[in-house]
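Listed here are the chains, written in short residue letters.
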Amino acid sequence: MNKILILFAHPRFEQSRTNKALVQNVRHKKGVTFHDLYEQYPDFHIDISYEKNLLEEHDVMIWHHPFYWYSCPPLMKQWIDLVLEYGWAYGPEGNALQGKKCLQIITTGGSRKVYCSEGRNIYTINEFLRPFEQTARLCGMEYLTPFAVMGTHYLKTADLETFSQQYVKIVDFLLEDKSLSDIKNCVFQTDIPDYTKLAAK
Amino acid sequence: MTGSILFEAIAFLAGAVICVPIAKRFGLSAVLGYLLAGILIGPFLLGFVGEEGEDILHFAEFGVVMMLFLIGLEIEPKNFWNMRRTILGMGGLQVVATMGFSMAFFSLLSYDWKVSLTISMAVALSSTAIVLQTLKEKGLMNTTFGASSFSILLFQDIIVIFMLGALPLLSTASHTTVADDHSSTSLLENLPLGLQTLAIVSSVAILVLAGRYLVVPMLRLIARTGVRELLIASALLLVLAITLLMELAGLSPALGAFIGGVVLATSEFKHELESTLEPFKDLLLGLFFMAVGASINFLVISENPGMIGTLVIGIILLKAIVLFVVGAIFKLKLDQRPLLTVGLAQVGEFAFVLLSFAFQLHILNRVQMDMMLVVTAISMTLTPILAVLNERIILPRFGTRESEERPMDTIETTNKVILVGFGHFGSTVGRFLRAYGVEATILDSDSNRVDLLRKMGFKVFYGDATRLNLLKSAGIAEADILIAAIDNPDSNIRLIKLVKKEYPHVKLMVRAKNRYVAYELLNMGVENIYRETLDTSVKLASDVLSEMGFRKYTLHRQAQKFIQTDEESLRRLAKQSRNEEDYIFKTREEIAAQEKLLEEDRKRGIIEDDHLWDSEQMRVL
Chain A
32 MNKILILFAH PRFEQSRTNK ALVQNVRHKK GVTFHDLYEQ YPDFHIDISY
82 EKNLLEEHDV MIWHHPFYWY SCPPLMKQWI DLVLEYGWAY GPEGNALQGK
132 KCLQIITTGG SRKVYCSEGR NIYTINEFLR PFEQTARLCG MEYLTPFAVM
182 GTHYLKTADL ETFSQQYVKI VDFLLEDKSL SDIKNCVFQT DIPDYTKLAA
232 K
Chain B
893 MTGSILFEAI AFLAGAVICV PIAKRFGLSA VLGYLLAGIL IGPFLLGFVG
943 EEGEDILHFA EFGVVMMLFL IGLEIEPKNF WNMRRTILGM GGLQVVATMG
993 FSMAFFSLLS YDWKVSLTIS MAVALSSTAI VLQTLKEKGL MNTTFGASSF
1043 SILLFQDIIV IFMLGALPLL STASHTTVAD DHSSTSLLEN LPLGLQTLAI
1093 VSSVAILVLA GRYLVVPMLR LIARTGVREL LIASALLLVL AITLLMELAG
1143 LSPALGAFIG GVVLATSEFK HELESTLEPF KDLLLGLFFM AVGASINFLV
1193 ISENPGMIGT LVIGIILLKA IVLFVVGAIF KLKLDQRPLL TVGLAQVGEF
1243 AFVLLSFAFQ LHILNRVQMD MMLVVTAISM TLTPILAVLN ERIILPRFGT
1293 RESEERPMDT IETTNKVILV GFGHFGSTVG RFLRAYGVEA TILDSDSNRV
1343 DLLRKMGFKV FYGDATRLNL LKSAGIAEAD ILIAAIDNPD SNIRLIKLVK
1393 KEYPHVKLMV RAKNRYVAYE LLNMGVENIY RETLDTSVKL ASDVLSEMGF
1443 RKYTLHRQAQ KFIQTDEESL RRLAKQSRNE EDYIFKTREE IAAQEKLLEE
1493 DRKRGIIEDD HLWDSEQMRV L
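Which chain is which? The protein sequence lines are A and B, in order. Using the working numbering, the letters of the first sequence correspond one by one to residues 32 to 232. Using the working numbering, the letters of the second sequence correspond one by one to residues 893 to 1513.
Next comes chain A alone, as it looks inside the complex (with noise of 0.2 Å):
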């Protein structure tokens, strides 16, 4: 069975009731790490040699936060900054993670439609989050379709289930190591062109 951990950055996760009800089923799941980045780290000092420690111990890395301004929080980015070493996470002998897979989760206010050629923000998710998935794919990860909650201002209560119980879904497929694509009826963004193709070309 694969542990996972999930790297979570909301620096206002009390305010933000969508996260709430994503995190709330699958923090203490068995096989779960939830690492709450933004209680671990209030001043940003974050523990590298700990950091480091964790993920190998882990075989998944989930990367959950809210999208804010095309990005990541910024605690998120400084712990890719800082944890993600030259010579351990990516250059020569850098292979640390090397095999693990690498999932996003994602939160946006925007709908779909807005994140489209036709819509407001013109660009996909997918091409918003290519600066992660190639960050996942420099360190050897497999960067897996990512999972996006969108349009959260006008999720109901019944939404947010919904969507608490496919992360439930998701988590319990990587625990058992299971293709994701086997899930039915999920928001995956599905764009991620595949690269083991690409590279066997």
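If you're looking for bench data, these hints aren't it; they were derived computationally from the structure. Take the hints with a grain of salt, since some may be wrong.
Simulated pairs of lysine-lysine, DSBU-like, Cα-Cα distance not exceeding 30 Å [said to hold, decoys possible]: (1) B/Lys1399 / B/Lys1225; (2) A/Lys60 / A/Lys144; (3) A/Lys108 / A/Lys132; (4) B/Lys1431 / A/Lys34; (5) B/Lys1162 / B/Lys1444; (6) B/Lys1453 / A/Lys51; (7) A/Lys83 / B/Lys1431; (8) B/Lys1225 / A/Lys61.
Following the hints, complete the assembly by docking chain B onto the known chain A.
Chain B only, in chain A's frame:
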């Protein structure tokens, strides 16, 4: 002119109000101010108070009693027990040696052996009132020599009981007549020695038990009534009751009060009692010092100035030598020894008691008593003067050197940062600077610490940083930054004033004990103020809130904001509090300032305007 109580009260109070500030202005201790005030209003200068000075002396001894009670309050029983070796060792050696030499000295002056012995007893004792008050005033209680002084004084307080007990044995007069005269009526005087000892032991036991099982519950009861003055009344009652109990048992009230204080040191009323009795103690001690001044009989001096002079100098020298040697034996450092020596070289207030008792017992005649009383009073008056001479002339010359000779081959680098005070606060500052590779030049007044720091390779100057010379030799002229981290706010402020005046180019970073010190510093134009009570308390509060379930990052932001607002209000309120003399009315001022602060907080309301990252406001309902 004398006689009316009202008039005398006015004379004493006016004397104090006029002389003490003058003494302070010249950088002398308040004790000297009081003594001079006493001389001034005494029978030989202005004559506002007459012979009754001695009665006032007895009354004012309550000040000494209260002082020991307060000192006891600050010493927890465990620490007291730890001091037993220094008390017995240093105290015992000092008393025995001084008595021995003084016996020889007075025998040389061809006094009868009984007279010599009596006078020697008086001479062996130093002034608890002067020494402890000076130590407290200068904040030196916690230094090695401060603790040694205290130990010796405590031993003297204990030994005086036996001296008073032994005096009648020297007397040729019959006991009955004596008992009639004796002002402190001890119930136990006529009991056999064994029973007396038993009574002494049991009265100490009563004191300890009553303190623990009677006084504390009583105070709790009183505190519950909520009537403030009752607490003041009970504090006074406590001290007076101890005094009475001790006098009945033939013990020194000061010693009893000290034990009482130690017993209550661990109770929750410690601080309440301290703040209640403090003003009474100060006032009574002031009165005591004035009474000492007033009791200097200039007639006796004018009749035999040579003899008095010889005695004063002889006794002070003799005591000083003994103290110096005792200090050496007990491994006091070379520079701490002069402080101890000069500090305790006077004849103390117990001499007044011993001498007049001996006179009543017909051991001394009036001439002898008067002479010794004058010698005592003069030696007490000289103490603060000698201390000033010691500090300014003797100390800088030896002991822990102010600066260290550096080996020739090292290149003298001027440290751009001067750190004054390496206590709890300053040491943390210095350690972090050093961790960064910045070696500050350190100034500190504790020689033990200075030696340790030198061993650790710090560049350290030893001495009083409020002296211009020391600052100069520490290289203030070339320094960029001076960190003032002295524990005592008054010393810190004196340092700031000096540096601002003489070296305006030096940037000042100043530790402020609290908000009120910060006001004062701000009004002096100091910009970089670090309140030791701000960041830590806010940190504690946010940890409490975190324990209650609030999110840490939000707390972190709000704490920063709170500190920022507090800094702003500090600057605003500092302007309002601009009144140089205001700090005298400290408590009133502080309450008023606190009220303003709470009022500002109330106006600002509780934290709810925090919309950062709050998506709820965008929600479509």
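Each hint tested on the structure:
Pair hint B/Lys1399 plus B/Lys1225 does not hold up; C-alpha atoms about 35 Å apart against a cutoff of 30 Å. Taking the CA atoms of A/Lys60 and A/Lys144, the gap is about 33 Å. The hint is violated against a cut of 30 Å. Restraint check for A/Lys108 and A/Lys132: satisfied, since their Cα atoms lie roughly 19 Å apart, inside the 30 Å limit. Of the supplied pair hints, the one linking B/Lys1431 and A/Lys34 is violated, its CA atoms being roughly 35 Å apart against a limit of 30 Å.
Note on B/Lys1162 and B/Lys1444: the hinted pairing is violated, with a Cα-Cα distance of about 36 Å set against a maximum of 30 Å. Proposed proximity of B/Lys1453 and A/Lys51 is supported: the alpha carbons are some 26 Å apart, at most 30 Å. Between the alpha carbons of A/Lys83 and B/Lys1431 the distance comes to roughly 28 Å, so the proposed pair stays at or under 30 Å and holds. At most 30 Å may separate the alpha-carbon atoms for a hinted pair to count; B/Lys1225 and A/Lys61 exceed this at roughly 65 Å.
The structure does not agree with the numbered hints 1, 2, 4, 5, 8 stated previously, though it agrees with the rest.
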